[in-house]
Amino acid sequence: MRRWRRFVADDQGPTTVEYAVILALIVAALLGAVQNLTTATRDSFDSSADALF
5 MRRWRRFVAD
15 DQGPTTVEYA
25 VILALIVAAL
35 LGAVQNLTTA
45 TRDSFDSSAD
55 ALF
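In the working numbering, the protein residues as written are 5 to 57.
What the hints contain is simulated information worked out from the structure, not anything from laboratory work.
Each residue gets a CB set at the ideal place from its N, CA and C atoms; glycine is no exception.
It is possible that some hints are incorrect.
[Said to hold, decoys possible] Derived Cβ-Cβ restraints for the label pairs, each shown as a range:
id	residue 1	residue 2	range
1	THR19	ASP50	45 to 51 Å
2	ARG6	THR42	40 to 46 Å
3	GLY36	PHE57	38 to 44 Å
4	MET5	THR42	52 to 58 Å
5	ALA55	THR19	49 to 55 Å
6	LEU56	LEU35	27 to 33 Å
Given only the sequences and the hints, what does the whole structure look like? Please build it.
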């Protein structure tokens, strides 16, 4: 019973979950930014290649 009380009173679990959610949001934002940057870079190189040839 003491373990259960300590487990319920411990707030480390929710903090860990909150950090995991924040990290997941940051990773999702970075993936979106990298994908956008990749598309823009490819379009820029294609435009430059078309101008050269």
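*Is 52 to 58 Å right for how far apart the beta carbons of MET5 and THR42 are?*
Given range 52 to 58 Å: holds, Cβ gap about 56 Å.
*Please test the hint of 40 to 46 Å on the beta carbon pair from ARG6 and THR42.*
Given a distance of about 54 Å, which is not inside 40 to 46 Å, the answer is violated.
*With 49 to 55 Å as the target window, see if ALA55 and THR19 comply at their CB atoms.*
Between ALA55 and THR19, where Cβ atoms are some 54 Å apart, the hint holds.
*CB of LEU56 to CB of LEU35, is that within 27 to 33 Å?*
32 Å, holds
*Is the hinted range of 38 to 44 Å satisfied by the C-beta distance from GLY36 to PHE57?*
With a Cβ separation near 32 Å, GLY36 and PHE57 fall outside 38 to 44 Å, so the hint is violated.
*Beta-carbon spacing of THR19 to ASP50 - inside the hinted bounds 45 to 51 Å or not*: Hint holds: Cβ distance 47 Å, inside 45 to 51 Å.
Figure legend: structure checked against the earlier numbered hints; hints not met, in rising order: 2, 3.
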